[in-house]
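There are 2 protein chains.
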Amino acid sequence: MITVYDLRFGKPQDSKKTLQTNDLDFHKFLQLVHMEFVIPLNQKFVLVTTDRTVVDYGKFKELQNGSTLYLLQNQHQDLAVAVEESIHFVPHYNTLIESGTFEYFAEGQEALPCSLAELVDNSLSATAKNTGVRMIEIRLMFDKKPAVIVLDNGCGMTSKQLNNWAVYRLSKFTRENSTFKSDQQGYVSPEPVPRSLNSDISYFGVGGKHAAFQIGESVRMISKPISSPDVHELVLSKEEFQKKEQNKEDVYKGTILNRKPGDFSHIKGNEAFLQDIIREETGKHSFTAVVITAICPEHIKYLKQDFKEWTRKLAHFYHYYIHGVDGNLQNKPQGSNGSPAINILVTLRDKSSKSPIGVNLRNVNDDIQTLYINSAVDTFEFKATTQEGGIVDGVLRYHPFLYDKETYPKDPNIIQAPPEDDNDENEAAVMNQARGKRDIFECFWNGRLIPYTTISEFDWCRQPYKTTPDLPPECYSRFSGVLFTNDKFQVNATKQKFMDLEIKLKHRDTLFIPVPKVQILDYSLWDKW
Amino acid sequence: MITVYDLRFGKPQDSKKTLQTNDLDFHKFLQLVHMEFVIPLNQKFVLVTTDRTVVDYGKFKELQNGSTLYLLQNQHQDLAVAVEESIHFVPHYNTLIESGTFEYFAEGQEALPCSLAELVDNSLSATAKNTGVRMIEIRLMFDKKPAVIVLDNGCGMTSKQLNNWAVYRLSKFTRENSTFKSDQQGYVSPEPVPRSLNSDISYFGVGGKHAAFQIGESVRMISKPISSPDVHELVLSKEEFQKKEQNKEDVYKGTILNRKPGDFSHIKGNEAFLQDIIREETGKHSFTAVVITAICPEHIKYLKQDFKEWTRKLAHFYHYYIHGVDGNLQNKPQGSNGSPAINILVTLRDKSSKSPIGVNLRNVNDDIQTLYINSAVDTFEFKATTQEGGIVDGVLRYHPFLYDKETYPKDPNIIQAPPEDDNDENEAAVMNQARGKRDIFECFWNGRLIPYTTISEFDWCRQPYKTTPDLPPECYSRFSGVLFTNDKFQVNATKQKFMDLEIKLKHRDTLFIPVPKVQILDYSLWDKW
Chain A
1 MITVYDLRFG
11 KPQDSKKTLQ
21 TNDLDFHKFL
31 QLVHMEFVIP
41 LNQKFVLVTT
51 DRTVVDYGKF
61 KELQNGSTLY
71 LLQNQHQDLA
81 VAVEESIHFV
91 PHYNTLIESG
101 TFEYFAEGQE
111 ALPCSLAELV
121 DNSLSATAKN
131 TGVRMIEIRL
141 MFDKKPAVIV
151 LDNGCGMTSK
161 QLNNWAVYRL
171 SKFTRENSTF
181 KSDQQGYVSP
191 EPVPRSLNSD
201 ISYFGVGGKH
211 AAFQIGESVR
221 MISKPISSPD
231 VHELVLSKEE
241 FQKKEQNKED
251 VYKGTILNRK
261 PGDFSHIKGN
271 EAFLQDIIRE
281 ETGKHSFTAV
291 VITAICPEHI
301 KYLKQDFKEW
311 TRKLAHFYHY
321 YIHGVDGNLQ
331 NKPQGSNGSP
341 AINILVTLRD
351 KSSKSPIGVN
361 LRNVNDDIQT
371 LYINSAVDTF
381 EFKATTQEGG
391 IVDGVLRYHP
401 FLYDKETYPK
411 DPNIIQAPPE
421 DDNDENEAAV
431 MNQARGKRDI
441 FECFWNGRLI
451 PYTTISEFDW
461 CRQPYKTTPD
471 LPPECYSRFS
481 GVLFTNDKFQ
491 VNATKQKFMD
501 LEIKLKHRDT
511 LFIPVPKVQI
521 LDYSLWDKW
Chain B
530 MITVYDLRFG
540 KPQDSKKTLQ
550 TNDLDFHKFL
560 QLVHMEFVIP
570 LNQKFVLVTT
580 DRTVVDYGKF
590 KELQNGSTLY
600 LLQNQHQDLA
610 VAVEESIHFV
620 PHYNTLIESG
630 TFEYFAEGQE
640 ALPCSLAELV
650 DNSLSATAKN
660 TGVRMIEIRL
670 MFDKKPAVIV
680 LDNGCGMTSK
690 QLNNWAVYRL
700 SKFTRENSTF
710 KSDQQGYVSP
720 EPVPRSLNSD
730 ISYFGVGGKH
740 AAFQIGESVR
750 MISKPISSPD
760 VHELVLSKEE
770 FQKKEQNKED
780 VYKGTILNRK
790 PGDFSHIKGN
800 EAFLQDIIRE
810 ETGKHSFTAV
820 VITAICPEHI
830 KYLKQDFKEW
840 TRKLAHFYHY
850 YIHGVDGNLQ
860 NKPQGSNGSP
870 AINILVTLRD
880 KSSKSPIGVN
890 LRNVNDDIQT
900 LYINSAVDTF
910 EFKATTQEGG
920 IVDGVLRYHP
930 FLYDKETYPK
940 DPNIIQAPPE
950 DDNDENEAAV
960 MNQARGKRDI
970 FECFWNGRLI
980 PYTTISEFDW
990 CRQPYKTTPD
1000 LPPECYSRFS
1010 GVLFTNDKFQ
1020 VNATKQKFMD
1030 LEIKLKHRDT
1040 LFIPVPKVQI
1050 LDYSLWDKW
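Chains A and B supply the protein sequences, listed in that same order.
Numbering follows the numbering used here, in which position 380 of the first sequence is assigned residue number 380; successive positions increment by one, without gaps.
Just add 529 to wherever you are in the second sequence, counting from 1, and you've got the numbering used here.
Keep in mind that the hints were calculated from the coordinates and are not lab data.
Glycine residues also receive a C-beta, built at the ideal position from the N, C-alpha and C atoms.
Be aware that one or more of the hints could be misleading.
Examples of chain A residues lying across from chain B (beta carbon under 8 Å, computed) [unchecked claim]:
1. ILE87
2. LEU257
3. GLY269
4. SER353
5. SER355
Listed below are the simulated BS3-like cross-link pairs for lysine-lysine, each with C-alpha atoms no more than 25 Å apart in a straight line [claimed, not checked]:
6. A/LYS244 - A/LYS268
7. B/LYS782 - A/LYS253
8. A/LYS301 - B/LYS1017
9. A/LYS466 - A/LYS488
Chain A with its partners taken away, still in its complex shape:
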């Protein structure tokens, strides 16, 4: 089909005809134009594209179905009337496979912990309603064909939900208000819970895709929802997209495979590890497995060599989900947390090592939150509320220089600089600056760390210009703190930064109130602040 506008004489009526071009060569097409527009054989005309390229034998072959042409007296004739040209502008498939590359980064920081966290977020969200134990596993299978697998025993996805998962920017909010809502899950904001640990951290319709394609070039989603006996499987891969583009196929058309749990008859020989994953399905009530392959070699290197570092980072991200609202208190009273346990396991299987290494993030005891919590000699809790319903639970902790010993913990993520030349002045300065240039507050959104936003301090915990006789100035450098925000505060799509936390907290209408903690609160402190 080609649409031709006859603009030779500028007549606005009957100037447009859509011609069938099936099997026509250029010569036949010209004859058709002659007939359709009733052009005497001795009259000259020219056919041009909307870019004013004259259509000849060669150009005619290139024309795509749905093209628009002008019929003119000469190539440069003015358009007497405006001409509508139909176009398509479906986003390029790089939308899915490349976005992550540019989104997950922080110069000098390894992006992988953030993208793994994005997948863990989805698992936390999926297991939110589990009545029993919540299991989230990150398996690094580097012994054969390298794969990163994130598994959870959450509610799983129906085939419709899996389809929606693949749609870029289809967030849970969009789903509710649009024709996409056919997955029957209109979004309902969660009930308030202490410190906003509501597991509502799967959000924008971009995280899973960004994260998976930041880690590798192929992602296989395998999921069984509670409501159905079937497992649903969907593969998105760069290779597949490229193939479809080359063959001029619809790149966003795909196939979900619906099958019996444990049925791996579709798996090819070199993907034996997939057979193992699929064998485990039998008997599971519901689950989701994200299987990422074609892993970037640099990532494999990092994940192996810096295993301890990035698992500690993940333990930091989910500290309060793993340990409960009070965090990893070493001398915790028994049975203080009523919510079902969340296990986040990480295992690494490698060619060189005989047995896999593994860690339950709950057993990580050197993440910075654990260090802060257990070295604080006093804590002060407060609450901030904004006019738009934003709620922030805050904890300020105090780490003194005690009996000749520094109790302010060192950040395990920061490689300590070599000690400078000793001199007394320096030493005093260091002692007064336990915190150094670090900001006081780390910030958790819906209970999950937002790693690249920190808040240095508030007016009421800042060293005043005039030093007071009863509070030595070095006190002010001995704080650590945590802020827990609810979802009235916005984070960016990669959950690396808050968009408006500091501005909202420092707004004059934001109210701070102390929260009495019977056992340790000293009201006289509040009066001073």
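Position chain B relative to chain A; hints supplied.
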């Protein structure tokens, strides 16, 4: 069309049939199923969706064209064979209209200068090959229906290029290697030029869309390419996308209007300002106009109230494009720059004011680069090269405390804190820390400021641990500097940050060499460093 798999007896052959459902009600459809799959009337069966919902009268009405159903003995029967289900996962239109909201932000910073800069980038790129003056205009029309217009006299776009512009993530690199390359413009990397001022700063296939939809909810692109007598026009708007989604139309199908320059017969009554824009087209050789409407009210407020601030920021972004490689030297030798002048004009037309206010960014004399350049008493130039071909031109400037006067400029973007209580110690500290906590180097990528990456210092300009007798320590706080990188360094999609500059520059294989500047170079300085 509905595809039905007969899975009652698990037979792998002949189990799939695609049935025409035109005008069939559920009853007729059941009869068809009976016939097609040869089911005796006394035999029970059930039809379910792939989500295992039983298809009844109501569900049948909801089924979409292309749906897949199972024919089973009972609702919960296992799938004896795996079943393929065809799906579509075209990105949601929020990909185009919402991305910008999350991408352009920096907490506490106004995002608008960055998104306006993105549009100016496109204009700089479009005017790169102009032989005459390069004109870029930002017009803020707030007197009637609010509009932000960015106009340039660059090469314009053909209708095919305009179509490609609308395709998300279709970067110039992708175009070259794919079926999209039909715009006939394979990407060729520009020739090296001093300080990489190559105008090659329109890059990722996301900037224009992100920026436009960050500013408003509707964008009209109007462009005339050099090669054609016609103007091409395309409107993308949130309203239009929503309408198409509600009507279940293809959201990525649109219309380019091709017309004679000056022809505004398609413009409705309430858009008189568009008629003015279109009237200006006549006689122009080529141009592009980006017309953004449905502007967010907060943006209008900011653009009006902080006009001086954000135009200064833009002048800072494009300092070296506006003023040439040496920047805005007040006592510049005449005719030192051979390249054609780039004019970036900003005008604001408001209800309250009678005449529009306006500024040519070249006349902004209080951007921080201008202040640095004109207050430096000495400069030192260097070049860094990385193993991958990265080239960085660097300038280090020196701003002494001279004759009792601070020559280190104050950053006009930072609101000065109230002076602290005087005490001698403080004053000395301030004098030694002219630069304060500021990093030394601002970083320009292809000549354009990347605002949120700065480099604090390099080893060779850092205050050493042991102070040397011949260089007082306060010297080291009296530097400012600029780095000009070529495109071997990556920036993120919003051009707010470098992705790898600092790591690459501090890599041990990166070579720094001094660049002799005959008139002022003092080699003895280099020896010290």
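Tested hints:
Hint status for A/ILE87 relative to chain B: holds, with the closest Cβ pair at about 5 Å, below 8 Å. For A/LEU257, the interface hint holds, the least distance from its beta-carbon to any beta-carbon of chain B being 5 Å, beneath 8 Å. For A/GLY269, the interface hint is violated, the least distance from its beta-carbon to any beta-carbon of chain B being 17 Å, above 8 Å. Checking A/SER353 against chain B: minimum C-beta separation of about 30 Å lies over 8 Å; hint violated.
For A/SER355, the interface hint is violated, since its Cβ never comes within 8 Å of a Cβ in chain B; the closest pair sits about 34 Å apart. Of the pairs offered as hints, the one joining A/LYS244 and A/LYS268 holds, with about 21 Å between alpha carbons and a cut-off of 25 Å not exceeded. Restraint check for B/LYS782 and A/LYS253: the C-alpha separation of about 17 Å stays at or below 25 Å, so the hint holds. Using a Cα cut-off of 25 Å, the hinted pair A/LYS301 and B/LYS1017 holds, with the two alpha carbons roughly 24 Å apart.
A hinted pair counts as satisfied when its Cα atoms are at most 25 Å apart, and A/LYS466 with A/LYS488 does not qualify at roughly 36 Å.
Consistency with the previously given hints fails for numbers 3, 4, 5, 9, ordered from lowest to highest.
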